[in-house]
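Visitor: For reference, the chains in residue letters:
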Amino acid sequence: MGDLTGEACILAVEDDRKILRVFATSLEAEGYRVVDANTGQRAIEEVRTRNPDIILLDLGLPDIDGLALVPAIRAHSTAPIIVVSAREKDADKVKALDAGANDYLTKPFSVPELLARIRVAIRGHAQVGNALRTIVAFGNYRLDLEGRTLLRGDEHVRLSATEFKLLATLARHPDEVVTTHALLRETWGSAHYSKSGYVRVYMHSLRQKLESDPTRPRYLINEAGLGYRLRTSE
Amino acid sequence: MSTTINKSKTVRDGQLWRLSQAFRHALPGIAAVAAVTVLGLWLGGRADLTNVSIAFLFVIAVVSMWLGYQAAILAAIASALCFDYFFLPPYGSLRITRSRDLLTDLAMFAVAVLVSTLQERLRRQAREARLSERRTESLYSLVRELADSSSMDSLNIAGLRQIESAAPEILARVLIRDGADRFKHAFSSGGRVALEGENLDVANWAAIHLEPAGQGTRNLPVASACYVPLVATRGCVGVLALRSRVSDSTVAVRPSSLIQSMAQQMAMAIERSLLSEEKHAAEIEAETERIRNAVLSSISHDLRTPLTVITSASSTLVENGDRLQPAARAEMARLIHDEARRLSELLKSLLDLTRLQSGALGVNRDWESLEEVVASVLRRADERTGLGALQLRTHVPSDLPLLQIDAILIEQVLMNLIDNALTYSRTDFPTEINIAARGDRDVLVSVIDRGRGLPSDDLRHIFDKFYRSDNTVGAGLGLGLTLARGIVEAHGGRIWATHTPGGGLTVQFTLPITGVAPGLLEPELSEEGIQSWGT
Chain U
1 MGDLTGEACI LAVEDDRKIL RVFATSLEAE GYRVVDANTG QRAIEEVRTR
51 NPDIILLDLG LPDIDGLALV PAIRAHSTAP IIVVSAREKD ADKVKALDAG
101 ANDYLTKPFS VPELLARIRV AIRGHAQVGN ALRTIVAFGN YRLDLEGRTL
151 LRGDEHVRLS ATEFKLLATL ARHPDEVVTT HALLRETWGS AHYSKSGYVR
201 VYMHSLRQKL ESDPTRPRYL INEAGLGYRL RTSE
Chain W
1001 MSTTINKSKT VRDGQLWRLS QAFRHALPGI AAVAAVTVLG LWLGGRADLT
1051 NVSIAFLFVI AVVSMWLGYQ AAILAAIASA LCFDYFFLPP YGSLRITRSR
1101 DLLTDLAMFA VAVLVSTLQE RLRRQAREAR LSERRTESLY SLVRELADSS
1151 SMDSLNIAGL RQIESAAPEI LARVLIRDGA DRFKHAFSSG GRVALEGENL
1201 DVANWAAIHL EPAGQGTRNL PVASACYVPL VATRGCVGVL ALRSRVSDST
1251 VAVRPSSLIQ SMAQQMAMAI ERSLLSEEKH AAEIEAETER IRNAVLSSIS
1301 HDLRTPLTVI TSASSTLVEN GDRLQPAARA EMARLIHDEA RRLSELLKSL
1351 LDLTRLQSGA LGVNRDWESL EEVVASVLRR ADERTGLGAL QLRTHVPSDL
1401 PLLQIDAILI EQVLMNLIDN ALTYSRTDFP TEINIAARGD RDVLVSVIDR
1451 GRGLPSDDLR HIFDKFYRSD NTVGAGLGLG LTLARGIVEA HGGRIWATHT
1501 PGGGLTVQFT LPITGVAPGL LEPELSEEGI QSWGT
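These protein sequences, in sequence, are chains U and W.
For the first sequence, the residue numbers in this note's numbering are 1 to 234.
For the second sequence, the residue numbers in this note's numbering are 1001 to 1535.
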């Protein structure tokens, strides 16, 4: 959007040259324009001057704690932020998502995984422009946020109030990870971590109603230690 | 026995008191002499001087035997005076006219001195024998106690108890020195105590010079306690501090030879204990070294295989990429991809295991759903090449209770078990994951493959670190199962392996059901239009 040619501009914040090289090569091959920043300071400058469409943010930076960078970027840009970090930093991922990041990737990851997340992020961001979408479709389900109904094909799916709130919260961020914390806040109004068991209970009953095989869910995807995502695209 | 009286009282008082004591002591002797005199006069002893003098000598000998030196001399003086005065002419006078009468008097003194000296010597020998017996007993029970003590603490406490029971007037402590020759802490007979109140400079002097210092010694005698170094073969291992039980006592504490011997025994025991601690540490070090070597050889083997594939495949692409058929190029790239993934998994297991063992891998328990854990595992398995969903069959009851577990770690356990199962099982038989609650006690998770299975001997060992069955195919650090066991046990569960009926391996683990899991908060009002929602 920040570019005349219409190709999306991706800001890769990463201090490792080789990883940057691979990002740039594979993303440019897909038609994206890649800008890189190897420090937090430069990242903020690039966000201000280049107005990127997507930001890939490695949490381990030499100068600034990656977590602190999320709100700093949010102050200048609404572009989706995809957090990249090592597996053992799950707590950081949750914090980053709660601080305003949109998605995460765990190192080491494959390029197809990265491209899939970028596509989702761009689509999600575009949809924000359409403001409050009232119909969210996934598989042969249609969720009407306004009319508070869920249709499977032509047939109504009966949901309890809490189940509907949970599903609606996920549907407002299609294909993005919504943390357990955020689900608690949106559904129950409080965000006590000790209550996360209730999210599991209601997600279980949602899966029982929506998924044909709850151990192989197609739509209500659990991200261990982080939260859930509603998959709208296969 | 280890104390002397300070001569602070006036010397005069003491001497008078002692003199009167001596007289009181000698009184029975004097009385006996008087009785012999009266008896001799009554029986007409003046006519039979020989028998009278023998009677006096007999009394003196008896007094010498029973009442000691001073009483004997006094009795001898009294006898000589009475003999001269009452029996020797001129009667009523002390004058001696015949030289043989003087000889009789001298004989009386000679008997007194001789008999009492002999008796005194006997008494002293008996006392010394008693003392040495007590000393031997004290040392013997000290040595026995020290030998029975297994730890440094119990050894010091037992030793101090023995010292205090051998010298009840003394309060004893041991100050322990560390490797840097500083005092770390102290022991009293009650246990470990702080170093407060100890004169550490004096104790240090004793430790450096290897001789007693402080109160009751020639070195720095103004100190509030007496410090006896505990000297063993390697040098000073600690310092024994002795002080009087009575506060502001006028009696200086001094290290008796018994206490010094006991200190010697304690020093040797402490040194033995130190040596055994060092030996134990060395054994742990050796074990660590052995494991480290096993890790290194295992890692270098298991890492080298994928690295060889990656290096050769990528160099082919770099050097000859243009000349390769597209299919061959894709094949090379695929190999690199697969092997890099394998390396990554290997590294992750290794890191997790290290962190689990160092306690750094925290278990973050929360109410979690095993259904979701299985879903995650299946998704991860699907993402991998070759591990298709078709090969996994799951049975997860829909009414499974939530468990207080760390979902990420349990996912890792399942992933490791499935990795193993899929590696060894035959493709025409799916691997099964079965989960079942056993009452409200625990949940049993079973991963069942129908591969070649393992010999019974191996079943017990497959969870041991770096254990690899002879049946092991291809790479695979023996870490996945060790990690699984570590995680399951950290959750209070158990993990074991059995034969699958009809061939194959079954690995099962339990996770305890703890507390009351959250349930649905409201009755399932399955309304299509939900009135209460919104705002």
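I should point out that these hints are in silico values taken from the structure, not numbers from a laboratory.
The model shown is predicted, which means the values in this text are computed figures rather than measured ones.
Treat the hints with caution; some may be incorrect.
Only pairs whose alpha carbons sit at most 27 Å apart, straight line, appear in this in silico DSS-like list of lysine-lysine [claimed, not checked]: (1) U:Lys18 x U:Lys107; (2) U:Lys107 x U:Lys95; (3) U:Lys18 x W:Lys1184; (4) W:Lys1279 x W:Lys1184; (5) U:Lys195 x U:Lys209; (6) U:Lys195 x U:Lys95; (7) W:Lys1348 x U:Lys107; (8) U:Lys95 x W:Lys1184.
Visitor: Given the proposed pairing of Lys195 of chain U with Lys95 of chain U, does the C-alpha separation stay at or below 27 Å?
Guide: Holds, because 18 Å separates the two Cα atoms, which is no more than 27 Å.
Visitor: Just to be careful, I want the Cα atoms of Lys1348 of chain W and Lys107 of chain U compared with a cutoff of 27 Å; is the pair within it?
Guide: 11 Å, holds
Visitor: Hinted pair, alpha-carbon criterion (27 Å max): Lys95 of chain U, Lys1184 of chain W. Please report holds or violated.
Guide: 45 Å, violated
Visitor: Would the pair Lys195 of chain U and Lys209 of chain U pass a check requiring their Cα atoms to be no farther apart than 27 Å?
Guide: 22 Å, holds
Visitor: What's the verdict on Lys1279 of chain W and Lys1184 of chain W, does the C-alpha distance respect the 27 Å limit or exceed it?
Guide: 21 Å, holds
Visitor: When you check the alpha-carbon spacing of Lys18 of chain U and Lys1184 of chain W, does it fall within 27 Å?
Guide: Status violated; Cα separation ~53 Å.
Visitor: Are Lys18 of chain U and Lys107 of chain U close enough, with their CA atoms no more than 27 Å apart?
Guide: 14 Å, holds
Visitor: Lys107 of chain U and Lys95 of chain U: Cα distance at most 27 Å?
Guide: 17 Å, holds
Checked against the numbered hints listed earlier, the structure breaks hints 3, 8; every other hint is satisfied.
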